[in-house]
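My request is simple: use the sequences and hints to build the entire structure.
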Amino acid sequence: MLLYMFRKSIGFLLLFVLLCATGGLLVTRLPIQLYPQTRRPRVRAVIYHSGISAIDFSNEYAEDIESRFIAIDGVDIVEVEYENDRSDFTLTFDWKTDSERAKSDVESAMTSIMDMLPSEYEDRYTVRFFSGENAGYLMMGVTSRTVSPEELYKILKTAIQPRLNRIEDAESIEIFNVEEINAEVILKQMDMLAYGLTIEKVEEALLSGYRPESIGRLDDGNTAYSVRFRSGVESVYDIGKIIVAQKGNVSIRLQDIADIKIDYALPDRAFVMDGAPGIRVTASPVDGGNVRKMSQDVQHVLEEAKGEGILPDDSVFHLYLDPAEYINRSIRNVVQAAMIGAALAMLVILLSLGELRNTMLIGISLPVTLILSFILMYFFNVSLNLISLGGIALAVGMIVDPSIVIIENIHRFRREESPISDNGHLKDLIVRAVAQVRSPVVASILTSVLVFLPILFTAPLTNAILGDQAKTVIFTLLISMVVALTLIPLIASMAYRLKRRRPEPSSEASMRGLQRYSMGVMGFFINLYKTMLRGLIRRRWATVLFMLLSFGLLAFSVLRVLPLIPKEIISPPVSDRIVMFFRSPSIDDPEQIVQEIIPQMEARIKEQVGQYVEGTYADVWGRFNRYFINLTSAQHAEEVVDELQKLFVSDNTWYYNVMMWDPAELPLPRTMDLQISVHGDDPTETVTLLERVRDLINDTMLYAWVFTDPSTNLSDELSMTSRVEVIDGYPELSEGSLLRLVRKILGGTTTVEFEQDQTTIEVAAVYPESQIEGREKLENFLIPYNQSAIPLKHFFDFKEVTSISGIASENGERVFRLYARMSPGTPSALRSEYEQRVRDEVDAKLTIPVGYSVVFDNPQEEMQQAIQSLFIALAASVVLIYVLLAFQFNSLIIPLVILVTVPLGFIGVAFSLFLFKSTLSLNSMLGTILLAGIVVNNAIIMIDFYLKIGSSYGDRIDALVETSGIRFTPIVITMLTTVFGMLPIAIGIGEGSNIIQPLGIAVSGGLLVSTLFTLFMVPSILSLIRLKTPEEGLRKKSHCEETFF
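The working numbering puts the first residue of the sequence shown at 1, with every later residue one more than the last.
These are calculated hints, taken from the structure and not from any lab test. Don't be surprised by glycine CBs; every beta carbon is placed ideally from N, CA and C.
Between beta-carbon pairs, the in silico distance windows are:
{"no.": "1", "residue 1": "T750", "residue 2": "N780", "range": "22 to 30 angstroms"}
{"no.": "2", "residue 1": "L739", "residue 2": "V855", "range": "39 to 47 angstroms"}
{"no.": "3", "residue 1": "D98", "residue 2": "R623", "range": "28 to 36 angstroms"}
{"no.": "4", "residue 1": "R723", "residue 2": "E174", "range": "44 to 52 angstroms"}
{"no.": "5", "residue 1": "K777", "residue 2": "F624", "range": "30 to 38 angstroms"}
{"no.": "6", "residue 1": "R217", "residue 2": "T750", "range": "27 to 35 angstroms"}
{"no.": "7", "residue 1": "N780", "residue 2": "S677", "range": "43 to 51 angstroms"}
{"no.": "8", "residue 1": "I215", "residue 2": "N630", "range": "56 to 64 angstroms"}
Here are the computed lysine-lysine pairs in the DSSO-like style, where the Cα-Cα straight-line distance is at most 27 angstroms:
{"no.": "9", "residue 1": "K917", "residue 2": "K646"}
{"no.": "10", "residue 1": "K306", "residue 2": "K154"}
{"no.": "11", "residue 1": "K201", "residue 2": "K188"}
Written out as structure tokens, the structure is:
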């Protein structure tokens, strides 16, 4: 094959150039994301039922609603939160379900559910992708010095919003004004009684006094007219003129029976930056959408509108939260780490071989392999993201390994057969050199591929996180093998080509400064290694002791060091931003939160951690509020989060969740450190027991964040019982009509939407709180009847009761749970100890009533399954490697000798992760799996050469020492290129790189230690056993004529 390539060298070079051009073109078409899809599709639906308690709504509709959600194809988990006035449904689908299809199915189900509910709930629901509390989204402010905020808002809503809505990767884009028109209609009860009017009559007038009525259609030639009757008023400012009733010739208008106030106030969702409200544009991505592209598209639309003159020339766009910034920075840092690693690997090769030409030949394989890998990434739908780029960075030091073997072997042949007589001799030499190592090169690459292949069949979460990385590594390794066996020898034949009539000088004469120095240094280490190895294996007791100590150290690292390493799914990015989520079931007025709650929070934060805070801003949305803190440095993030978690503790009034925030964080299922379920028949008694458990855990001070689901806050209820015999005495009244009337007395009329200056204004008529505040006033509330008035207590009996404020369920069954999380930086090894201490506290201090139970659940189950699947993948890799080696060596014993060295690599992994305070995560486990393949390759290098030429030595000790010495150079070079290639990742250069830092630490530290063990362990084992191979004694050639791999 090589001889044919030498004859057709121009054609093959052109073929590689065309393939590289194709790879360069396709890389521009690869989607760029921060991460691949790492979460199952989740859809959230909310039903608003004002005036209906959680208990009543759950008892009436829960079974029907939940059964319809559970019946949706692909639904795995249905989680429900029933609260007073609203119910929240979160549906988690299986991994195979398409996100858009999942949302569409939920919307269809919601349509049928709303048809089942009373008419007053019509259209009072939302369906959106579940983003959780740490999803990446865009938040920006828009200002202009020449245009008022009101006019600027109108431009954004009318001219810019339609363009923004066409952005594909955005699920929703919203524009919020600094203030909005607020219309209040406060009914005057005595005036209404004077006219004999009820609130139902007012609602009827509102609905008919604004909405136009369709009359019919009129044709006039080619023109068709839609005839509509415009009744009532056309502007919200004229709402008082709406006619409510007609008393003879007198029209009773709304302004006659109500106080109407129209002014500007904070919107329902307000943005506050350092105390100042502003116009805000927010964009949320679709589930699995390209957050980076969404951010860029939003900014492009705004800049385009500014360039077209739609927005003022002095418009300024303030990017408060820009996910594109984080994504670009994180990807740039990973690429930078890969480039630095490649440069360091090339430097190692240059210093080891001492010849620039050889280094350049090896270096060619790096860009060619990477560019050609993009072709496979394109056809296998692998995007450019931190995970796939991490795979490329991981493979940088490994890509050059087969080329190192090829070039070093060619270099050795040239040195031994020097001087080269002519180009024919050179080409024949290259063909023989490549043929000698082709088999072990292929075997070693296939071994590494088999290490990563099982990852594609691991648990769904593991595959979702590491699947792209495994594919990328497999692609690059296979292509690097093809490049090393074809392109590199071809270019080498051209680079080493002799000029006419000028034979190549002898090897000694051609050696110059750097090469002579590197050969001297390498020769020193080879002699030192051979001396130490001979001293070890010539004494049987020393060999056995070395092996026992090695495996004893392995046991120590597994049993003592490993439990001290914190465990997590994947490392979050270190960020200089913190977000605090806060909400209250009783306080949801944005104006009250902005004017009262936030100033109190800012004062407490300033007093506690003010020296670390650079700026703050808040997103206020009633029941879902976020307070963002920008720190002066990311170094203080964990300390500040810990302090704020102690300062803001959830209770019955407020729920708090303080966390480090970064749009570059990998979206993963949230795991807790403690999860407790309370079971019992009576919900009120169960919640009371749950509250006692929560208070007990808070008293232990073991956990930084503790909360319950549902909330343990109890609600006071006023139970109404109808007096049937009394109601029957009023023919014009019924129990149903009276209940509808009471519901409107408490909650007001149906909301009517007015369009005013491109703004939708919601108007509802309500009674003043002073007239319906407290039980006594409600009981004595008068309703008109035949020229008189009757109090409500005439028709109903009232009784005060206490009930729970919320209900939680999962897949149709009610749940009462407590969740807790340890402080940041707490070793995961303490999780079991803390849980046991909580168990002891519960047993000692908590009296559990008969029929109730407190159960400790496993909150880490999904993470444990993910890590367990990686261990299974490692075992599968070992089995596959054993089969491959058995085929290669035609032996059952040799693969076992090679695989004995695999566990020793874990010594370096465990100590490296512990000493550098890293974590045991999916990435560090991936590094361990990779390490197994590299260790196997090193063992193959030594055994393969020993089996080939070992029989040429009279003494087995001499054979082991000499063959190991010859293999020392390629083993050390490939080890150093991999370690230095991973060094920038292990150090964690740049923000975002700490995501894959555990992988770099595991590979670098583990490879250093495992290489040292392999260099001594393999000869030690071989010195104790005798291997028989078919080739033994058949070829008696000088060991200098043989090669290595």
